[in-house]
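**Student:** Residues per chain are reported as follows:
Number of protein chains: 2
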Amino acid sequence: MTSFSCPLPIMKHTNVQLAHGSGGKLSADLIATMILPRFANLALNRLNDQAVLSLPPGRIAFSTDTYVVDPIFFPGGSIGELAINGTVNDVAMSGAMPLFLSVGLILEEGLAMETLHQILVAMEQAAAKAGVQVVTGDTKVVPRGKCDKIFINTSGLGVVPEGLDLDASRMRPGDRVIVSGTVGDHGLAVLTSREKLSFKTKIQSDTAALHGLVGLMLKESDQIRVLRDPTRGGVATSLNEFAATARLGIVVEEAAIPVHPAVRGACEVLGIDPLTVANEGKLLAVVAGADAARLLAVMQGHDLGREARIIGEVVDEHHGLVALRTGLGVKRILEMPVAEQLPRIC
Amino acid sequence: MTSFSCPLPIMKHTNVQLAHGSGGKLSADLIATMILPRFANLALNRLNDQAVLSLPPGRIAFSTDTYVVDPIFFPGGSIGELAINGTVNDVAMSGAMPLFLSVGLILEEGLAMETLHQILVAMEQAAAKAGVQVVTGDTKVVPRGKCDKIFINTSGLGVVPEGLDLDASRMRPGDRVIVSGTVGDHGLAVLTSREKLSFKTKIQSDTAALHGLVGLMLKESDQIRVLRDPTRGGVATSLNEFAATARLGIVVEEAAIPVHPAVRGACEVLGIDPLTVANEGKLLAVVAGADAARLLAVMQGHDLGREARIIGEVVDEHHGLVALRTGLGVKRILEMPVAEQLPRIC
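Line by line, the protein sequences are chains V and Y. For the first sequence, numbering that gives the first Met the number 0 begins at 0 and goes up steadily by one. For the second sequence, numbering that gives the first Met the number 0 begins at 0 and goes up steadily by one.
Bound-form chain V, shown alone (with noise of 0.2 Å):
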């Protein structure tokens, strides 16, 4: 969780206002005051409508994801949290070291600064953890009732190690299915928090950039075929996304999947299926057979990893289709869901 021990700096108004996003006097004053000292570094800095970069050699990727989350502080933390770990993560699934984001925030009018501030304070520490650098940004500011609040957007980059292409095409039978931890953490925490719905053990976001795990993966072997991290749609879409693109089958062992006993108990109450819901700190890897358990053993010894699970395998039928394997040995079809299950979970 973050802590919130850094001072709301002093400032005019108490709440947001519309001349906050004029690009007069008063923007001037929002950023200097409530942002800048919060991600100050040398392209930021300049001010300048862009940050002028010295990236090392190699190709780039490229992300940008925009946060909408309700509410925007949930058990586990906060949209500010969610919107710098899940750009790096973005980044970080094609294999590249995350470096450089962008923010751009669209506040409601009458936004309490000191909200505002929380969740600066939030992607300033998440931004640091990540070992990334916030530095070009832009702030809006719209009438009272046309947002909700505070939405981000952020957009990162990052640089991809020389020779590696993660994607799904990659994908053999044989292949192994890993998933890095428990399932559905995320999606179930907003929930419970938005509906007031109380169960007796708390559900807390999983929240992290996983990038550090990923370089670890990658030292480890050369044959991981492609890595996603099951946000919206859940585990159940991201594995439907690679099998249409492998044109392949996988197959996953139900009993084998990780999940919390309380997301289970709560899914259970709620009928909601936790192979489709979020999750914003874990992450989904297919690796060739041969070497999944000693990945599997590397992922389990860092911090991000220890719940990692073999779950499924890749096979050379029903081809773009995933089948779940029951506890009862029977197999349906795992399907993406169609509808919203979860609006507003990220």
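There's no promise every hint is true.
These stretches of chain Y come out as covered by chain V in the derived footprint (C-beta under 8 Å, 3 or more residues) [stated by the list, open to error]:
| id | region |
| --- | --- |
| 1 | 93–105 |
| 2 | 140–146 |
| 3 | 175–184 |
| 4 | 216–230 |
| 5 | 294–304 |
Rather than coming from a laboratory, the hints here were simulated on the basis of the structure. We put the beta carbon where it would ideally sit given N, CA and C, even for glycine.
Fit chain Y to the supplied structure of chain V, relying on the hints for placement.
**Tutor:** Frame of chain V, contents of chain Y only:
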């Protein structure tokens, strides 16, 4: 103006549903049917969470901007052109050649597919005209009333020519300030269309991608100190930023500043200073005095610089301040606007 000759793809829903942002099947449908055909290219088509790009060697310019303009269609363009051209321009003001964009959409539940399509077609056409590729994206949907129709974030990447370092800190006394054309067009076009004000002459937004003009200028002079597109806050804000960074003064000749007669008239009626109004297809350049006339001539030979003028000079006086010499020969301080004159202009 954009022509909407491209027919709306056949979609099951005539309006955006929450499920179109779920990450599941309907999300995939929306992307495959509405978005991919607009921007298809090798990087985007892979539909990974990130694009892996090979950039020419050199430093990279990285910029982000979020567009929340109201109304989303206005004389001369729409939020679609704005979202492409605005970020292309932010990248180009470093002297970089813009190459790649990301697009993050926030859609309001219920938005007409037809409206979304018109905006995407406008983006497609603007990107094609600017010669940039949309290589990665993200689409979120929020419930009715939680945003205002559509917000768009774009982030941009470009490559900075070797040795080039445009920054206001490089300004010197005797440098000249050039504006590439009439000021205030965009802001007034949006304002008059929003407020349903009717003026005899239709005022059109100047939205345009400026990197072609910039390329020409950089070829003509290696003594360009800094470039900026005066968007929110207008010319007054950009010049004040220049003066503050350079710790020098700027004197601007009011009579030299090109203002379209219709914009001038509307500003007089509304009590607005056109120097504080947003532009979306104009740039300010500060250049060594010796190169100013030559640079101006080259700019006037380009479609987007026909009405370029030398409007002022950098002076070793009133450091950090901009003075405006009026028609009467009186000098007054030209301040950065404090408050929001025209909210949601971009």
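**Student:** Please go over all the hints and tell whether each is borne out by the structure.
**Tutor:** Evaluated hints:
1. Proximity of the region 93–105 of chain Y to chain V, defined as three or more residues with a beta carbon under 8 Å from a beta carbon of that chain, is established by the 8 residues found.
2. A stretch counts as covered by a chain when three or more of its residues have a beta carbon under 8 Å from one of that chain; for the region 140–146 of chain Y and chain V the count is 6, and the coverage holds.
3. For the region 175–184 of chain Y, the proposed coverage by chain V is not satisfied: 0 residues have a C-beta within less than 8 Å of a C-beta in that chain, short of the threshold of three.
4. Counting residues of the region 216–230 of chain Y whose CB lies closer than 8 Å to any CB of chain V gives 3, which reaches the minimum of 3, so the coverage claim holds.
5. With 0 residues having a Cβ less than 8 Å from any Cβ of chain V, the region 294–304 of chain Y misses the three-residue criterion, and the hint is violated.
The structure is inconsistent with the numbered hints 3, 5, although it conforms to all the rest.
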